[in-house]
Amino acid sequence: MFVSAVALVGQDDTTQAVAGSGSKPASSNVGPRLQVPNPVHDFGTVKQGQVVRHDFKLVNVGDQPLEITDVKPSCGCTTAGQWSRSIPPGESGTIPLQLETSRFAGVVSKTISVTTNDRTEPVRILEIKADIWTPIHLSSAVVVFPALTNADQIVTQPVTIRQDMGTLYPQVRIRDAV
Numbered sequence: 368m369f370v371s372a373v374a375l376v377g378q379d380d381t382t383q384a385v386a387g388s389g390s391k392p393a394s395s396n397v398g399p400r401l402q403v404p405n406p407v408h409d410f411g412t413v414k415q416g417q418v419v420r421h422d423f424k425l426v427n428v429g430d431q432p433l434e435i436t437d438v439k440p441s442c443g444c445t446t447a448g449q450w451s452r453s454i455p456p457g458e459s460g461t462i463p464l465q466l467e468t469s470r471f472a473g474v475v476s477k478t479i480s481v482t483t484n485d486r487t488e489p490v491r492i493l494e495i496k497a498d499i500w501t502p503i504h505l506s507s508a509v510v511v512f513p514a515l516t517n518a519d520q521i522v523t524q525p526v527t528i529r530q531d532m533g534t535l536y537p538q539v540r541i542r543d544a545v
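In the numbering used here, the protein residues as written are 368 to 545.
Accuracy of the hints is not assured; some may be wrong.
The calculated lysine to any residue pairs, modelled on SDA-like cross-linking and capped at a C-alpha distance of 20 Å, are [as the list claims (entries may be wrong)]:
{"hint": "1", "residue 1": "Lys424", "residue 2": "Gly460"}
{"hint": "2", "residue 1": "Lys477", "residue 2": "Ser441"}
{"hint": "3", "residue 1": "Lys414", "residue 2": "His504"}
{"hint": "4", "residue 1": "Lys477", "residue 2": "Val419"}
{"hint": "5", "residue 1": "Lys439", "residue 2": "Gln449"}
{"hint": "6", "residue 1": "Lys414", "residue 2": "Trp500"}
{"hint": "7", "residue 1": "Lys496", "residue 2": "Thr445"}
{"hint": "8", "residue 1": "Lys439", "residue 2": "Val426"}
{"hint": "9", "residue 1": "Lys439", "residue 2": "Ser480"}
{"hint": "10", "residue 1": "Lys477", "residue 2": "Lys496"}
{"hint": "11", "residue 1": "Lys477", "residue 2": "Arg420"}
{"hint": "12", "residue 1": "Lys439", "residue 2": "Arg491"}
{"hint": "13", "residue 1": "Lys439", "residue 2": "Val419"}
{"hint": "14", "residue 1": "Lys414", "residue 2": "Gln530"}
{"hint": "15", "residue 1": "Lys477", "residue 2": "Ile492"}
{"hint": "16", "residue 1": "Lys414", "residue 2": "Ser469"}
{"hint": "17", "residue 1": "Lys439", "residue 2": "Gly460"}
{"hint": "18", "residue 1": "Lys496", "residue 2": "Gly416"}
{"hint": "19", "residue 1": "Lys424", "residue 2": "Asp409"}
It is worth saying that the hints were derived from the structure and are not from the lab.
Make a model of the complete structure from these sequences and hints.
Set out below in structure tokens:
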């Protein structure tokens, strides 16, 4: 099979693509294009209850203004501040986000949907992650006891309490309550 491509050079020395050659014309209009250099941000280890913040950088690598029409976090624990609504070609903007960690323990990952006028990918997903540290870990946050049938009945439920004081709270101690 023999494939060939032909280019015509005009008087102004610009190259024009010949139909069927697979090339894009030099004057193609790409429109707005969102580029997010770092779409995932890891806060690392943070104390439970902290509010952590990060500004995601957005770059318009297209040739028309990029419009950010919506920013929707996946959870009420994550909120977006005032973001750049319109980004000119070649410019950058930001989306400030914050994560409230009081309801979490352990590794947490939250997503943020960013809606734009980029026709190639109108919704872009950003992600924030953290390892939420707590000084005391319970095997269950809620312990439910069944209803008693008589006053002499003894009901027990196992709960494991583990401490992880590390160096963040060296002055805290757990003592046996008995």
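So, against the hints stated earlier in the document, which numbers end up violated here? Per hint list: zero violations.
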